[in-house]
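K.L.:
These are the residues of each chain, in order.
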Amino acid sequence: MIRQLLLPALLVLAACGQQGSPDIELHNAWARPTVGQAPAAVYVTIDNKSGSDDRLTGAFSDHAAMAMVHQNEFIDGVSKMRMAGEINIPAGETIEMTPGGTHVMLEGLRAPLKPGDRFDLVLRFKESGDKTVKVTVMKPEGQ
Amino acid sequence: MTRLRLVLWVMVALAAVGALSLVLQSRSPTVRETALGTIGGPFTLTGSDGKPFNSATLNGRPAAIFFGFTHCPDVCPTTLARLVKLRRQLGKGDDALSIVFISVDPERDGPAEVGSYAELFDAPVVGLTGSPADIEKVKKQFGVYSAKAPLPGGNYSVDHTATVFLLDSNGAFVATLSPQEGDTVALDKLRRIAA
Ligand SMILES: [Cu+2]
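Those protein sequence lines, which keep their order, are chains Y and G. When you line the first sequence up against our numbering, it's residues 1 to 143, in that order. When you line the second sequence up against our numbering, it's residues 1 to 195, in that order.
What the hints contain is simulated information worked out from the structure, not anything from laboratory work. Be careful, since some hints might not be right.
Stated by the list, open to error - Quick look at which bits of chain Y chain G covers, simulated, 3 or more residues with Cβ under 8 Å:
id, region
1, 36–46
2, 74–80
Said to hold, decoys possible - Cut-off 20 Å, straight-line C-alpha distance, at most; resulting in silico cross-link-like pairs (SDA-like, lysine to any residue):
id, chain 1, residue 1, chain 2, residue 2
3, G, Lys139, G, Pro42
4, G, Lys85, Y, Pro115
5, G, Lys140, Y, Asp76
6, Y, Lys131, Y, Arg118
7, Y, Lys134, Y, Ala111
8, G, Lys148, Y, Val78
Claimed, not checked - Looking from chain Y toward chain G, a few residues come up when the C-beta cut is under 7 Å (computed):
id, residue
9, Pro33
10, Met66
11, His103
12, Met105
13, Gly142
Built from N, CA and C at the ideal position, the CB exists for glycine as well.
Take the sequences, apply the hints, and build the full model.
P.N.:
Okay, structure coming up:
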């Protein structure tokens, strides 16, 4: 019985592995501290070291009820934060999320973030599958 | 002679007002509709201690006023942290400039919320909120726009003017800081009002 379950599971895992042909690396994931029920913004640098394009399609964290990729825009001096949709990560390029631009927003944090905290964030890519990065909570001035 | 000088000064003042309003028009269209000289003015809101906070409390030193909300994870902490950094770069201590955060989300932000949010920055920041009517009034005074924007999961974000308003030590509006201008430009403006 266990064998019968194990084989399909291994096949699925193998399929996932094959899917990860583009070579995505995540670096420098950081967030500012938070208070109360307020959400957090995580900034990550995504490095596509492969020769083919990939797409960021979603985000997850055990540290929060919900993770969403957001885009901020300034229109006529007004700041607007919206869902980013899928983000293209072109072959050989590095995409750095920065304050006031793109971030991964964490809603429903397990606990407010304190400087020095570290936790895992998973980014899901269309070709490379799930990639995990350690987020470091910085001092309020950030980077 | 004195008369001529006076006339000249009036002309200089008029030119300065004209130039500043041109700058404002090009930099931040959201404040365009409020004529210069009518931006700002006295207000009474609620401090983080829950007591009324009169804007006259800010007189005696220049102030940088930013409108935001505590559930804002990106632009608001970035702007407040930037103001704290710029004040440090001024090199005149925390008394050289008041940094004021006014919530445009009074439904979620009570005195305790704005108080603990203002404490996040390891430096003095004045957190203010008020009744929805109080907040509407002060928004109108500064020509600030805000509107709720729903998020998946039932929560909401708030679209809001991200311009910082600089007041002189008499509480008069003198200039704006834009989130997109460089720190050098911003620091120059702060030096002028904190001279
Ligand atoms: Cu967000």
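K.L.:
Each hint needs a verdict: does it hold in this structure or not?
P.N.:
Here is what the structure says about each hint:
1. 36–46: The restraint on the region 36–46 of chain Y holds, since 6 of its residues have a Cβ under 8 Å from chain G and three suffice.
2. 74–80: That given contact holds, which follows from 6 residues of the region 74–80 of chain Y lying within Cβ reach (below 8 Å) of chain G.
3. G/Lys139 to G/Pro42: Between G/Lys139 and G/Pro42 the Cα gap is close to 12 Å, so the pair holds against 20 Å.
4. G/Lys85 to Y/Pro115: Holds, at roughly 18 Å.
5. G/Lys140 to Y/Asp76: Given that 20 Å is the threshold and the Cα spacing comes to 17 Å, the pair holds.
6. Y/Lys131 to Y/Arg118: Holds. Y/Lys131 to Y/Arg118 sits at ~16 Å (cutoff 20 Å).
7. Y/Lys134 to Y/Ala111: Holds, at about 17 Å.
8. G/Lys148 to Y/Val78: holds, 12 Å
9. Pro33: holds, 6 Å
10. Met66: holds, 5 Å
11. His103: Where the cut-off is 7 Å and the nearest Cβ of chain G is about 5 Å from Y/His103, the hint holds.
12. Met105: Hint holds; Y/Met105 Cβ to chain G Cβ min 6 Å, cut 7 Å.
13. Gly142: holds, 6 Å
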